[in-house]
Amino acid sequence: MRFMMLMIPKGYEKAEPGTMPDAKAVAAMTKYNESLQKAGVLLALDGLHPPSMGARVSFPGGKPRVTDGPFAEAKEVVGGYWMIQVRSKAEAIEWASRCPASEDEVIEIRQVQEMADFPPDVQKAAGRPA
Amino acid sequence: MSAPETHQAIDAVWRIESARLIAGLARIVRDVGLAEELAQDALVAALEQWPGSGVPRNPGAWLMAAAKHRAIDMLRRRTLVERKHQELGRDVEAHLAAAARDADLAMEDDFGDDLLRLVFTACHPVLAVEARVALTLRLLGGLTTQEIARAFLVAEATVAQRIVRAKRTLSEARVPFEIPVGADRAERLSSVLQVIYLVFNEGYTATVGDDWMRPALCEDALRLGRILAEIAPGEPEVHGLVALMEIQASRANARVGPSGEPVLLLEQDRSRWDHILMRRGLAALARAERLGGAFGPYALQAAIAACHARAVTPQETDWARIAVLYETLARLEPSPVVELNRAVAVAMASGPAAGLELVDALVSEPSLSQYHLLPSVRGDLLEKLGRLDEARAEFERAASLTKNARERALLLGRAKACAPA
Chain S
885 MRFMMLMIPK
895 GYEKAEPGTM
905 PDAKAVAAMT
915 KYNESLQKAG
925 VLLALDGLHP
935 PSMGARVSFP
945 GGKPRVTDGP
955 FAEAKEVVGG
965 YWMIQVRSKA
975 EAIEWASRCP
985 ASEDEVIEIR
995 QVQEMADFPP
1005 DVQKAAGRPA
Chain L
268 MSAPETHQAI
278 DAVWRIESAR
288 LIAGLARIVR
298 DVGLAEELAQ
308 DALVAALEQW
318 PGSGVPRNPG
328 AWLMAAAKHR
338 AIDMLRRRTL
348 VERKHQELGR
358 DVEAHLAAAA
368 RDADLAMEDD
378 FGDDLLRLVF
388 TACHPVLAVE
398 ARVALTLRLL
408 GGLTTQEIAR
418 AFLVAEATVA
428 QRIVRAKRTL
438 SEARVPFEIP
448 VGADRAERLS
458 SVLQVIYLVF
468 NEGYTATVGD
478 DWMRPALCED
488 ALRLGRILAE
498 IAPGEPEVHG
508 LVALMEIQAS
518 RANARVGPSG
528 EPVLLLEQDR
538 SRWDHILMRR
548 GLAALARAER
558 LGGAFGPYAL
568 QAAIAACHAR
578 AVTPQETDWA
588 RIAVLYETLA
598 RLEPSPVVEL
608 NRAVAVAMAS
618 GPAAGLELVD
628 ALVSEPSLSQ
638 YHLLPSVRGD
648 LLEKLGRLDE
658 ARAEFERAAS
668 LTKNARERAL
678 LLGRAKACAP
688 A
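These protein sequence lines are chains S and L, in that order. Going by my numbering, the first residue of the first sequence is number 885, and it counts up by one from there. Going by my numbering, the first residue of the second sequence is number 268, and it counts up by one from there.
Quick caveat, the hints were computed from the structure, so don't treat them as lab data. Errors might be hidden in some of the hints.
Restricting the straight-line Cα-Cα distance to at most 20 Å, the calculated cross-link-like pairs of lysine to any residue (SDA-like) are [claimed, not checked]:
(1) K922(S) <-> C983(S)
(2) K1008(S) <-> P529(L)
(3) K922(S) <-> P503(L)
(4) K915(S) <-> A328(L)
(5) K973(S) <-> E272(L)
(6) K922(S) <-> A550(L)
(7) K922(S) <-> R554(L)
(8) K915(S) <-> E497(L)
(9) K915(S) <-> A499(L)
(10) K915(S) <-> D380(L)
(11) K1008(S) <-> P525(L)
(12) K973(S) <-> S269(L)
(13) K973(S) <-> G327(L)
(14) K922(S) <-> N325(L)
(15) K922(S) <-> I543(L)
(16) K683(L) <-> R654(L)
(17) K922(S) <-> G501(L)
(18) K973(S) <-> V322(L)
(19) K973(S) <-> W317(L)
Restraint-style ranges between C-beta atoms, simulated for each label pair [as the list claims (entries may be wrong)]:
(20) H274(L) <-> M904(S): 38 to 48 Å
(21) H274(L) <-> Y916(S): 17 to 27 Å
(22) M904(S) <-> V448(L): 29 to 39 Å
(23) N917(S) <-> L533(L): 37 to 47 Å
(24) Y916(S) <-> E454(L): 33 to 43 Å
(25) Q307(L) <-> G902(S): 44 to 54 Å
(26) R344(L) <-> P984(S): 47 to 57 Å
(27) P984(S) <-> L314(L): 46 to 56 Å
(28) D340(L) <-> G931(S): 42 to 52 Å
(29) V579(L) <-> S942(S): 30 to 40 Å
(30) R537(L) <-> P1004(S): 19 to 29 Å
Keep in mind that this is a model prediction, so the values were computed, not measured. Just so you know, even glycine gets a beta-carbon here, dropped at the ideal spot from N, CA and C.
Given the sequences, and given the hints that come with them, work out the whole structure.
Below you can see the structure in the form of structure tokens.
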């Protein structure tokens, strides 16, 4: 089964465009990423630029409306993610617990939906051959 | 943390740490079976203590320390009993202390060589293939005996006995805990790759049982393959095998229909192929090729799988290239099964008659007499040539030969479709 570990750094919702983590944090995180890789559980990972460089598309009245970042209403935002393949939620939690994260960071663990999790009508809507 | 949560956490720690722990201990005590027992003892200690004290900050180091204490206690007891061997015992103890210090360092960083020694030992040719599989899943994969038994649909006692016997055989044969070098290495590595691919295949196309696939077993094999690629990065065939497994696994979602029935490659909805795994597979294949391994048997099979992966629609499949790749593979490792696959590719590239000619040459092949895919392929080609009566007979024969219930249903359906209206 797959889990996405979402890194939520406090304050990232207000970070200036071009904000980068410092070298020391990157070195520690690189070592952590290597440990995931060496254990054969890492499928993919990425870090994300702050919301001040992004945009939100909302759909008031069903029509798309674009708002440039930063977003005043956002309390927490994603700063990056890991996609891991492990045998249980407990294993995902154990991996997340080993992250050299700071006090201001939270990792949210979310299981990736598999086709088999869906009821038959949803599977059909997703294009599964009947 | 509640008690069940702590137990789940311990289970997770075990999954992550057990291989390193056993490998580190095996280097100290030079016996894989003993190392595993010591690791199990440490696990028992964790199960006793962690629910009260909580999971320690560095659970791997905790387990290693606990296991080493057991090892030292045990050797001390042994030396007391065997006074004659006291001198030797003292040596062992000194060695143990030194090794334990090394092991601390090893746990921190470079545990790769210990793991590699462990893989080579678990897949040693002195063991029967099913013993290699069970031992590899147990020692490297961190699976319990019960999980292995469930995965292979055999009794738990059978697996337990297989593992006990395998450990005894390794001990009695005095199989050294080392990475083979020289001429031996290629053969030993091919045994390791064979074991991992066997696990993958049992998950990908279950040979027995009601399910067409057992995805967890595929994931276990992939994890082992990915670990191996990290600890033996210079071996092109390791990357070839990883590429093959990643690309095959990328199709897993698309190859099962709503009622659990198999969906054949050319009928799969390609939009449901997993792009993360496919990309990983193509990258691993490129790595194997960069290391000069384009013509290794696994890399060749991965290259064939890659031809399908790169085709956005079945019509875009480069069958001519696939036929050439199978021909290369057949020269390298002559096998009727490869020849059968080549026949399929030739049929797709040059028409069913050309393919049937190659298949007909295999009909008298004794090793294929019970192989359901031979009549299955032959039936398919006959059907395409409009020879429906012959096709139906072949599909029925194929259905009678397969042990997989889902596959049997599919084949009987095709036989029925060939019946006169």
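| message | Hints numbered earlier in the text: which of these fail when held up against the supplied structure? | response | Hint check: 22, 26 and 27 fail, others pass.
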